[in-house]
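Modelling step: build the complete structure from the supplied sequences, incorporating the hints.
Residue numbers (this note's numbering), protein chains in the order written: chain A, 1 to 265; chain B, 1 to 411.
One or more of the hints may lead you astray.
[To be verified] Rough simulated footprint, nothing fancy, chain B against chain A, three-plus residues with beta-carbon under 8 Å: (1) 119–128; (2) 202–213; (3) 217–230.
[What the hints assert, rightly or not] A few chain B residues that don't get close to chain A, going by computed Cβ distances all over 10 Å: (4) Arg16; (5) Val63; (6) Gly82; (7) Pro107; (8) Ala124; (9) Val127; (10) Ser139; (11) Ile258; (12) Asp311; (13) Pro322; (14) Lys352; (15) Lys367; (16) Leu373; (17) Leu382.
[What the hints assert, rightly or not] Among chain A residues calculated to face chain B with C-beta under 8 Å, some are: (18) Glu113; (19) Leu175; (20) Thr181; (21) Trp199; (22) Tyr251; (23) Leu252.
Hints were generated in silico from the structure; no laboratory data involved.
Where is the CB? At the ideal position from N, CA and C, for every residue including glycine.
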Amino acid sequence: MIIDFTTAAYLSIAFWALGSMLGIAAKSSTALRKTATALNLGGSLIMIAFIAIYWHALERPPLRTLGETRLWYAALIPLVGLLVEYRWKISWLKYYCMGLAAFFLTINLLHPEVFDKALMPALQSPWFIPHVVVYLVGYVLLAASSVAGWHNIFLTYRMKDLKSNDALAHYLALLGFVFLTFGLVFGALWAKDAWGNYWSWDPKETWAFIAWLIYLGYLHAVSYKINRLKLQWYLALAFLVLLVSWFGVNYLPTAANSVHTYQQS
Amino acid sequence: MKADRRTLFQKPWEFREAALIAILLNAAGFAIQYSLGGTGITMPEWPMNAITLLLSACLILAVGLSYRHNPFIAWLGGIPLGLSLILTLAALSFIGGMVPQGTAGNPTALRLGLHSIFSSWPFALIVSLFLWNLGLSLSWKLVPFSLKNLQFILFHAGFWIALSCGIFGSSDLQRLVLPVQEGQASNQGYIMKSKQAQEIPFSVFLHDFSIEEYPPQLMLYDPKNDRLIMNSSQAIPEVRAGATAEWKGISVKVTDFIPSGLPGKEGTPVPADPAIGIPFAKVRISGAAGKGELWLSTGGPMLKPGAVDLDGLFLFMVPGSPKSFRSAVTLRDENGLETIANLEVNKPVNFKGWKIYQMGYDEESGKFSTLSLLEVIRDPWLPAVYLGFFMMLGANALFFWNGIKKSGASL
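Right, dumping it as structure tokens:
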């Protein structure tokens with residue numbers, strides 16, 4: 001490989017860190033702010049380039065193992081933060097997003113993956129990419145909504161809460177839910193082709209269903225006009241359930257029966 | 001706020017009553033489950049399940065439309081109860097996600113249905129109430145109909161249909177394992193759990209079963225610590241002519257590779273038909289424990305795998321994992337109608353209302369297996385469940401679109 005993961009990960013983290021520091025220091029200087037954005041963007045572009053090279057070397061999409069999905073996550077979540085800044089002029093979200101991305105890259109640095117090209121027959125399906133990518137985008141958006149929730153709670157205690165921040169958290173959760181539903185249904189349609197059942201209460205399915213119900217609950221809590229601070233807490237904590245369904249499942253007593261564990265280590 | 005705090009069950013009912021009802025219903029469900037000794041619910045089969053479902057749907061619709069102003073019915077189809085049931089379903093699923101589902105476990109847990117939560121009484125009771133809640137709210141948005149409610153209708157109706165048809169239809173699902181030997185036909189299926197034999201209305205003749213494997217891999221094994229030694233790039237080296245692999249102080253180069261061969265004269269293998277041959281690789285080992293050039297094989301039915309002792313570490317070659325496996329079959333029904341098909345994982349074939357899946361093979365024989373394990377499934381309710389799924393997807397597409405429009409205004 002032209003660049004190895006360690007170099008790419010440190011480069012990305014360095015870009016994000018530099019961009020963040022410059023962004024905070026820039027204040028009103030447009031030139032500095034633009035440089036900061038370019039650096040932040042650069043961090044993600046390095047990850048995207050790495051994924052592309054990795055994809056090529058693996059001869060299959062790097063979406064099989066949890067470590068591989070974390071790469072996509074690290075590349076995409078800062079982009080959500082930057083997009084929100086570009087579209088709605090809310091600049092704080094991107095810092096949290098880059099922090100999360102750096103955190104997930106650090107996990108991968110601490111637990112290097114075994115480089116294995118094999119893609120078992122059950123995963124060789126046209127559903128593979130849509131199912132995983134839709135879920136990844138959903139997770140990215142819901143992670144951002146959770147971050148926004150925490151930020152709003154923090155602001156509330158400092159008496160600085162803003163309506164637009166609440167709306168942002170809500171909109172991210174709504175979008176995330178849409179993607180979660182698509183991921184869940186795509187998964188069911190794929191499962192029918194691969195295993196003969198669209199639903200079999202596999203632990204991963206069960207947890208994906210729980211996460212989906214939790215966000216469905218959020219949307220109903222919103223319609224029920226529950227106190228806004230409670231809603232922010234709900235969003236902030238709901239992401240923990242999503243984390244269990246993303247990779248916590250592998251560490252639960254039920255994992256042994258799961259058809260969703262594609263890792264040897 | 002505190003001054004006008006409602007007492008429990010003061011009308012109109014809200015979330016607290018809903019939460020209490022959900023808790024009581026769960027308690028009742030677990031009590032029934034326990035007193036029945038752990039036997040869960042069995043669904044009636046066709047046509048009773050369809051009749052029950054249709055009557056329930058009509059009843060819900062009739063109640064919803066006739067009593068929409070009754071405070072109790074309004075609560076029964078309202079958001080507070082819906083929210084409490086969604087969270088209760090999540091809590092019951094949480095049990096299913098934490099406690100291994102199956103038939104083994106602590107006797108009390110088994111009797112309470114914790115190991116089969118999704119066919120347990122509490123789950124059934126909560127789902128029933130949920131279908132009422134969902135159905136009632138749907139009836140109020142359906143009549144009078146308005147295009148504005150399309151997203152609501154699609155999502156809620158889709159969920160109702162997928163959930164109810166998935167559950168009520170589960171008793172009509174037939175799922176059998178069908179083992180077939182090369183050159184033979186079979187219509188003898190087995191129910192996986194009970195091993196009970198059952199005939200299917202067509203036969204499957206297996207012409208050929210074949211496996212394609214990934215290239216074999218080189219591994220370095222440390223018997224003292226019982227572990228594989230990873231090289232610096234964390235890659236398991238694939239065997240190809242010209243491939244190299246490096247471990248600390250040991251360097252291996254594949255100088256020749258025969259994907260399918262048989263042992264020949266003086267230890268030099270010769271290429272052979274893939275149906276009988278096994279992979280051979282000529283490797284040059286250099287470094288501290290250098291051994292010069294020698295042949296390695298993955299082993300097969302007639303040959304033991306070779307391993308090279310490198311000062312207490314063993315270098316060996318393992319067969320690649322299966323890349324694909326397929327069965328060439330002829331399906332033949334009672335009237336002699338025939339179809340030729342290729343069955344492969346992820347590519348099931350439809351025949352006479354059944355779906356036929358490539359499931360497995362004799363794994364001990366690996367690529368020399370002449371046995372193919374197929375799975376035949378008949379699920380007459382599938383189109384209804386899929387209709388529900390697609391309605392939900394449609395609703396979500398609308399949700400996405402409307403969400404963008406709305407938030408553009410509010411942000």
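Hint check results:
| no. | hint | in the structure |
| --- | --- | --- |
| 1 | 119–128 | holds (count 6) |
| 2 | 202–213 | holds (count 6) |
| 3 | 217–230 | holds (count 5) |
| 4 | Arg16 | holds, 13 Å |
| 5 | Val63 | holds, 22 Å |
| 6 | Gly82 | violated, 6 Å |
| 7 | Pro107 | holds, 18 Å |
| 8 | Ala124 | holds, 14 Å |
| 9 | Val127 | holds, 12 Å |
| 10 | Ser139 | holds, 18 Å |
| 11 | Ile258 | holds, 21 Å |
| 12 | Asp311 | holds, 24 Å |
| 13 | Pro322 | violated, 6 Å |
| 14 | Lys352 | holds, 16 Å |
| 15 | Lys367 | holds, 13 Å |
| 16 | Leu373 | holds, 12 Å |
| 17 | Leu382 | violated, 8 Å |
| 18 | Glu113 | holds, 6 Å |
| 19 | Leu175 | holds, 6 Å |
| 20 | Thr181 | holds, 5 Å |
| 21 | Trp199 | holds, 7 Å |
| 22 | Tyr251 | violated, 11 Å |
| 23 | Leu252 | holds, 6 Å |
Hints 6, 13, 17 and 22 from the list above are not met by this structure, while the remaining hints are.
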